[in-house]
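Peer 1: The lines below spell out each chain.
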Amino acid sequence: MSAPPPIAMLAELTHRCPLSCPYCSNPVALTQKSQELTTDVWLDAFHQAAELGVLQLHLSGGEPAARRDLTELVAGARAAGLYTNLITSAIGLTEQRLRALDDAGLDHVQLSLQGTDPQMADMIGGYDGGFKRKMQAARWISDLGIPLTLNTVLHRKNLHQLPRAIEMALELGARRIEVAIVQFHGWALQNRAALMPTKEQAETAGRVVAEARERLKGRLVLDYVPADYHSGTPKRCMGGWGMVGLNIAPDGLVLPCHAAQTIPDLQFQSIRDTPLRDIWYDGPAFNAYRGDAWMQEPCRSCDLKHRDFAGCRCQAMALAGDASATDPVCHKSPLNAAIQARLAADEQAVENALVYRKL
Amino acid sequence: MTLEANDVPVMPRGVRLHFDKVRDRWVLLAPERTISLDEIALAIHREIDGIRNFEAIVARLAETYEAPTAEIAEDVSAYIAGLADRRFLDIAR
Numbered sequence: 001m002s003a004p005p006p007i008a009m010l011a012e013l014t015h016r017c018p019l020s021c022p023y024c025s026n027p028v029a030l031t032q033k034s035q036e037l038t039t040d041v042w043l044d045a046f047h048q049a050a051e052l053g054v055l056q057l058h059l060s061g062g063e064p065a066a067r068r069d070l071t072e073l074v075a076g077a078r079a080a081g082l083y084t085n086l087i088t089s090a091i092g093l094t095e096q097r098l099r100a101l102d103d104a105g106l107d108h109v110q111l112s113l114q115g116t117d118p119q120m121a122d123m124i125g126g127y128d129g130g131f132k133r134k135m136q137a138a139r140w141i142s143d144l145g146i147p148l149t150l151n152t153v154l155h156r157k158n159l160h161q162l163p164r165a166i167e168m169a170l171e172l173g174a175r176r177i178e179v180a181i182v183q184f185h186g187w188a189l190q191n192r193a194a195l196m197p198t199k200e201q202a203e204t205a206g207r208v209v210a211e212a213r214e215r216l217k218g219r220l221v222l223d224y225v226p227a228d229y230h231s232g233t234p235k236r237c238m239g240g241w242g243m244v245g246l247n248i249a250p251d252g253l254v255l256p257c258h259a260a261q262t263i264p265d266l267q268f269q270s271i272r273d274t275p276l277r278d279i280w281y282d283g284p285a286f287n288a289y290r291g292d293a294w295m296q297e298p299c300r301s302c303d304l305k306h307r308d309f310a311g312c313r314c315q316a317m318a319l320a321g322d323a324s325a326t327d328p329v330c331h332k333s334p335l336n337a338a339i340q341a342r343l344a345a346d347e348q349a350v351e352n353a354l355v356y357r358k359l
Numbered sequence: 001m002t003l004e005a006n007d008v009p010v011m012p013r014g015v016r017l018h019f020d021k022v023r024d025r026w027v028l029l030a031p032e033r034t035i036s037l038d039e040i041a042l043a044i045h046r047e048i049d050g051i052r053n054f055e056a057i058v059a060r061l062a063e064t065y066e067a068p069t070a071e072i073a074e075d076v077s078a079y080i081a082g083l084a085d086r087r088f089l090d091i092a093r
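Protein sequence lines correspond, in order, to chains Z and R.
Position 171 of the first sequence, counted from 1, bears residue number 171 in this note's numbering, the numbering being contiguous throughout.
Position 86 of the second sequence, counted from 1, bears residue number 86 in this note's numbering, the numbering being contiguous throughout.
The hints are simulated quantities; they were obtained by calculation from the structure and are not laboratory data.
Note that this is a predicted model, so its numbers are computed, not measured.
Built from N, CA and C at the ideal position, the CB exists for glycine as well.
Hints may contain errors.
Claimed, not checked - For lysine to any residue, the following SDA-like pairs were computed, each having C-alpha atoms within a straight-line distance of at most 25 angstroms: (1) R:21 with Z:358; (2) Z:305 with R:27; (3) R:21 with Z:43; (4) R:21 with Z:10; (5) R:21 with Z:41; (6) Z:332 with R:21; (7) R:21 with Z:105; (8) Z:305 with R:8; (9) R:21 with Z:274; (10) R:21 with Z:51; (11) Z:358 with R:81; (12) Z:33 with R:55; (13) Z:217 with R:11; (14) Z:217 with R:6; (15) Z:217 with R:22; (16) Z:217 with R:21; (17) Z:358 with Z:105.
Claimed, not checked - Here's a subset of chain R near chain Z, in silico, CB distances under 7 angstroms, partners left out: (18) 14; (19) 22; (20) 25; (21) 34; (22) 37; (23) 85; (24) 87.
Claimed, not checked - Residues from chain R shown here face chain Z by an in silico Cβ test under 7 angstroms; the list is partial: (25) 13; (26) 31; (27) 35; (28) 41; (29) 86.
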């Protein structure tokens, strides 16, 4: 199976973060600061990525602003020719630091929103006063004219705030908002009973997004990640495993997806000792789920196998215990009846306590 | 949306033309999006300087491609309006 060059790279600069959201996409076992890559290794990785064909770089974490060398990393990424996007909670970003990032050529900021008021946002983020600091930073970003996307993760506790989140995107001058129903991996999976939206909520979100897309055409672009458990349709795994993008973890491991370490049999290589090109084209983890030879029934004979790629490998691992299985959220999966029964139970759950992410 | 003669298409900050040397093509880079440009799309983008209005852009392209102005106007309007809907271009009126 030959792969095209990658378009996008997610650089998880650190797992450190002032927030501790219970649906954090970082692995359950977090990397310590002492294991993080140095500035020089990151800068070299950006050059290798650009040479390989990467066009879009997402600087993420944890909270990327926890890295003192963030401005230097942005300047280096731009010098390599990469479109440089900062994915941040904005907590810890001062006006002076934002100016420096602006001067370094930062192309775009994607700002996370945990809730639309301090009560909700600080409860979900697990950080008192976080919302106030975030909104201050959001105004600085807006005043500097740095292109802005709001990114909001919705779940049972905050889904009713979606209309207000869309208004806030307009007030802040954002051109885009990403509306994502929480995806259940890692930390979120531990909190499934407390976060699972009801079927009614999931349908409402779809309606609100469709209405806003029509009403705000040409003003605000809405990207929407629906609730896959409810839809019966699996998500397109990374747009194809090892076909579009890659991820570098804080310690230098190069991953086909941010959750790939939940698949126990995969062997990962490090940017510290193997060229990125070799990892992308020849790495065993990247080749594991390229093409369709690995697929099982019902995917193997399904017309949609090249559209959804059998769904999410990490979700198949988590729910079916087999990363090659059909994603159990698919209505064709033999496990889907059990998933739907559990979904019904989760929706009714009175469980409300959250497990917050921690080192 | 149809463009009017005096509308000025402007490439907003955060959207850049970029030569993708690995794939030997021009692309438009925008937040979370990469759009591959064919020869016609690239020719349109080369005319967008934030000063020239729609009428002037169409006139220049009609001359370059020796094509009827009305036909060019229709194609360029549809292309620019499509990008404006996705916030990859702004229209100054």
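Peer 1: Hint by hint, say whether it matches the structure.
Peer 2: So, going through the hints one by one against the coordinates:
A hinted pair counts as satisfied when its Cα atoms are at most 25 angstroms apart, and residue 21 (chain R) with residue 358 (chain Z) does not qualify at roughly 42 angstroms. For the suggested pair residue 305 (chain Z) and residue 27 (chain R), the alpha carbons sit about 29 angstroms apart, so the restraint of at most 25 angstroms is broken. Proposed proximity of residue 21 (chain R) and residue 43 (chain Z) is supported: the alpha carbons are some 20 angstroms apart, at most 25 angstroms. Between the alpha carbons of residue 21 (chain R) and residue 10 (chain Z) the distance comes to roughly 21 angstroms, so the proposed pair stays at or under 25 angstroms and holds.
A hinted pair counts as satisfied when its Cα atoms are at most 25 angstroms apart, and residue 21 (chain R) with residue 41 (chain Z) qualifies at roughly 23 angstroms. Annotation: proposed proximity of residue 332 (chain Z) to residue 21 (chain R) is violated, straight-line Cα distance about 42 angstroms (limit 25 angstroms). Pair hint residue 21 (chain R) plus residue 105 (chain Z) holds up; C-alpha atoms about 21 angstroms apart against a cutoff of 25 angstroms. Annotation: proposed proximity of residue 305 (chain Z) to residue 8 (chain R) is violated, straight-line Cα distance about 44 angstroms (limit 25 angstroms).
With a CA separation close to 23 angstroms, the supplied pair residue 21 (chain R) and residue 274 (chain Z) stays within the 25 angstroms bound. Restraint check for residue 21 (chain R) and residue 51 (chain Z): the C-alpha separation of about 9 angstroms stays at or below 25 angstroms, so the hint holds. Straight-line distance between C-alpha atoms of residue 358 (chain Z) and residue 81 (chain R) comes to about 47 angstroms, which puts the hinted pair past the 25 angstroms bound. Restraint check for residue 33 (chain Z) and residue 55 (chain R): not satisfied, since their Cα atoms lie roughly 57 angstroms apart, outside the 25 angstroms limit.
Simply put, residue 217 (chain Z) and residue 11 (chain R) have alpha-carbon atoms about 18 angstroms apart, close enough for the 25 angstroms limit, and the pair holds. The suggested pairing of residue 217 (chain Z) with residue 6 (chain R) holds, with an alpha-carbon distance near 22 angstroms, which does not exceed 25 angstroms. Between the alpha carbons of residue 217 (chain Z) and residue 22 (chain R) the distance comes to roughly 34 angstroms, so the proposed pair goes past 25 angstroms and is violated. A distance of roughly 33 angstroms separates the Cα atoms of residue 217 (chain Z) and residue 21 (chain R); the hinted pair therefore is violated under the 25 angstroms criterion.
With a CA separation close to 33 angstroms, the supplied pair residue 358 (chain Z) and residue 105 (chain Z) exceeds the 25 angstroms bound. Taking 7 angstroms as the C-beta contact cut-off toward chain Z, the hint placing residue 14 (chain R) at the interface holds, the least distance being around 3 angstroms. Annotation: residue 22 (chain R) was flagged as interfacial toward chain Z, and the flag holds, the nearest CB pair being 4 angstroms apart, inside 7 angstroms. Because the closest C-beta pair between residue 25 (chain R) and chain Z is about 11 angstroms apart, greater than 7 angstroms, the hint is violated.
Because the closest C-beta pair between residue 34 (chain R) and chain Z is about 5 angstroms apart, less than 7 angstroms, the hint holds. The beta carbon of residue 37 (chain R) is not positioned within 7 angstroms of any beta carbon in chain Z (closest approach about 13 angstroms), and the interface hint is therefore violated. Interface hint at residue 85 (chain R): satisfied, since its Cβ lies 5 angstroms from the closest Cβ of chain Z, which is below the 7 angstroms cut-off. At a threshold of 7 angstroms, the smallest CB-CB gap from residue 87 (chain R) to chain Z is about 4 angstroms, leaving the interface hint in force.
With a least beta-carbon distance of about 6 angstroms to chain Z, the hint placing residue 13 (chain R) at the interface is held under the 7 angstroms criterion. The interface hint given for residue 31 (chain R) is met, as the beta carbon of that residue sits about 5 angstroms from the closest beta carbon of chain Z, less than 7 angstroms. Violation of the interface hint for residue 35 (chain R) is found here, the shortest Cβ-Cβ separation to chain Z being roughly 11 angstroms, above the 7 angstroms cut-off. With a cut of 7 angstroms, the hint placing residue 41 (chain R) at the interface with chain Z is violated, because the nearest CB-to-CB distance is about 17 angstroms.
Look at residue 86 (chain R): its Cβ gets to within about 6 angstroms of chain Z, closer than 7 angstroms, so that hint holds up.
Comparing the model with each earlier hint shows violations of hints 1, 2, 6, 8, 11, 12, 15, 16, 17, 20, 22, 27, 28; every other hint is respected.
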